[in-house]
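Peer 1: With chain A held as given, fit chain B onto it using these hints.
First to last, the protein sequences are chains A and B. Counted from 1, the first sequence has number 27 at position 28 by numbering that gives the first Met the number 0; the numbering is strictly sequential. Counted from 1, the second sequence has number 142 at position 143 by numbering that gives the first Met the number 0; the numbering is strictly sequential.
To be clear, the hints were calculated from the coordinates, so they are not data collected in a lab. Keep in mind that a hint or two might mislead.
Cut-off 30 Å, straight-line C-alpha distance, at most; resulting in silico cross-link-like pairs (DSS-like, lysine-lysine) [unchecked claim]:
1. A:K54 to B:K106
2. B:K335 to B:K238
3. A:K54 to B:K145
Bear in mind the structure is a predicted one, so any value in this text is a computation, not a measurement.
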Amino acid sequence: MDNPGPLSRASYPRIARLYRFQWEAAQNAYVLLFPEGMVQLNVAAGEILRRCDGKRSAADIITELRAAFQSDAIDGDVEAFLRSATQDGWVEWRDTVTP
Amino acid sequence: MSSVPATAAVPLWMVAELTYRCPLHCPFCSNPVDFAKIKSELSTAEWCRIFAEARALGAVQLGLTGGEPLSRPDLEELVAEAHRLGFYTNLITSGVGLNEPRMRALKDAGLDHVQLSFQDSTRELNDFLSSTRTFALKRRVATLIKDHGFPMVMNCVIHRLNIDHVDRIIDLALEIGAEYLELANTQFYGWADLNRSQLLPTREQLERSEAVVAGYRQRIGNRLRILYVISDLYETRPKRCMNGWGTTFMVIAPDGLVMPCHAARMLPGINLPSARAASLREIWLDSPAFNRFRGDQWMPEPCRSCPEKAKDLGGCRCQAFLLTGDVGATDPVCDKSPLHARVLEIVNGPRPLRPEIERPLVFRTPENSEQLLASMTES
Chain A
0 MDNPGPLSRA SYPRIARLYR FQWEAAQNAY VLLFPEGMVQ LNVAAGEILR
50 RCDGKRSAAD IITELRAAFQ SDAIDGDVEA FLRSATQDGW VEWRDTVTP
Chain B
0 MSSVPATAAV PLWMVAELTY RCPLHCPFCS NPVDFAKIKS ELSTAEWCRI
50 FAEARALGAV QLGLTGGEPL SRPDLEELVA EAHRLGFYTN LITSGVGLNE
100 PRMRALKDAG LDHVQLSFQD STRELNDFLS STRTFALKRR VATLIKDHGF
150 PMVMNCVIHR LNIDHVDRII DLALEIGAEY LELANTQFYG WADLNRSQLL
200 PTREQLERSE AVVAGYRQRI GNRLRILYVI SDLYETRPKR CMNGWGTTFM
250 VIAPDGLVMP CHAARMLPGI NLPSARAASL REIWLDSPAF NRFRGDQWMP
300 EPCRSCPEKA KDLGGCRCQA FLLTGDVGAT DPVCDKSPLH ARVLEIVNGP
350 RPLRPEIERP LVFRTPENSE QLLASMTES
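For reference, chain B alone in the conformation it holds in the complex:
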């Protein structure tokens, strides 16, 4: 067995995708589009073993997500075990299924924080995007979360259809008493990539929304901390991939696949290890998948000789693959990339006034996933 050198990176953050089942059908979901083929979820005992192995490696933040983690009837048991091991436990939820008894049981189990998603500040758009009637329910769940004394993060994924509501989304976060608001511009992987032409905001929208956020920050100070995560398609330098591939994050898929980021499952030629077949320690330290993009030996030009390579580490591997077809390419968001024109083509291309009407959104449903799977196997 390898030993961890004093300087080795520690997977401080572990994301446990407990299930791909979800009552919501958001068209910007980062789950893989072929999730319908994954039938075998990890058992309670398997998750508990994985938590213990991750904790021994030094993981301390645990995100419990999915899909909808409340779809797992053993969620309370998993939280209790994670809490016992010393994790800070974050429940990342749509709120569907979070009633008073479960809220109390989660509190008793030692849950530390709840992140509640909204899809918009209006009932109409919230319910349209999730294809559910959940806006009123989410408001009730927010009250429940506060009544039980949890710190609350409100999360809203931002895109072309709701970015002009950013002011009202911030008002909603203030109204429900959230301590943090995460305005996460859609990252175009998974379902979001399928719907990119309908969801990518225009440059004008993005600039307006940034001004709105800056104005609120000045006015409201520390009462609500707003994290505004910009999609980097409009930038000229890429972002680090998950703070660096295999440096900080480890994502466990519902079937036990261990991934350096949420979207890595679609990358070709990366043989993702399974937590069912190996220990997390072996996977983190020795697996070819986790070592593939560590350091700078893998980098092509122009990254390899770039003075900024230590800053962005070549950018996002999934974005590089989706936009160039080559998982080892320089992230084309970088204007030094020979393929940067592909990004410009996307952001400067023709932008219909109502893109979601010209081309209907593909919602994240098991039926759509089955259909996409069938078309993938045909081609």
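Next comes chain A alone, as it looks inside the complex:
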């Protein structure tokens, strides 16, 4: 499988196969679900991962989040989060759009 590794802004992050991402009304939060476990995400993490759909590049995601949070100073935070999410195995990367 092509997995060029994180943080080329031109490549496409998506939720890794082992994980399921969804909104949980009872917790008022996005969560990541995996075999017999769950991570409850804070607002920023939820907004980033919500966009990791294999159709948006990292650059697209950053552009959208700048608008959503009305700030041009978020790039570093988003990249740091994506780096740690990749290390944790939550996110995988592709060179091309996932159909």
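Peer 2: Just chain B, lined up with the frame of chain A:
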């Protein structure tokens, strides 16, 4: 009806024990020893109602177990409904009955993950412990699970007879491509409690196995995540009971009894509610059974004034009952418990070299369950 306050605990985890029927006969099973008396299983429609009620309460992880859940011909239908409701669905299975058509049907129904049990890394011990010839079958089922793209957890219950094989059990998990390996030291409830003297590992065995696991973790990194759950009999502080009684877990027995943990059925004086008679919402919020050990008002000394009480919440209620006869006692694993000597007696007592030969294992069979039932009624 009560309303859920914003801070109320949510039963995030629901375990559905779909049936007590099982083709395997493992002597460390956590099912109640008198399971043979339970004849009336919940119907498909009853389970679907229960799933919907649990989801409305905020449950999100669903463990489908038993017994062997594949013994239910409606498993695919139940998975489909749970998936539709938004559960993350975990099938916890011995693999017996998991053929290609059922695997595909479960995939189509939206099953998220399969946990496959092995009893050992060797055919001989796997087949002896389960009293079946299933080792080869389990290997085939593992391939099937991977071929269908499921994440796979391999589970192996650890005890005196297989703990020295931990290295080979990890090798097996790597070989079959599991993403996670759960090495679960036997918890001594149900059938395991009957067989405790044969199954409890020695302190030396436990320490050796921990070193082996630590070595593997260093070598293999994230390729396989190893969860090593230690029996706390060798500890000096108890573990939280299911992350806290009535805080996170809800277990539904095959006949609809709703329990705060797998073993609660044997606890005396706890009137477990039935999902056939009340809604899960009423049960979770208002039933005396679920409220009995919430908070710290129930705690005796030395727990009540203990600075660590918020950490372990007084320990495991079932262990307290089995070792002291009092369900409300401090878990005697704690070395502050006045009855801690009972735990020391068990772990430091005489340990024959081949305990399973001096005293044969009692296997989990309907016949043995009937016999145990008869002896319980006599006494």
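Peer 1: Going through the earlier hints one by one, which of them does the structure break, listed in rising order?
Peer 2: none
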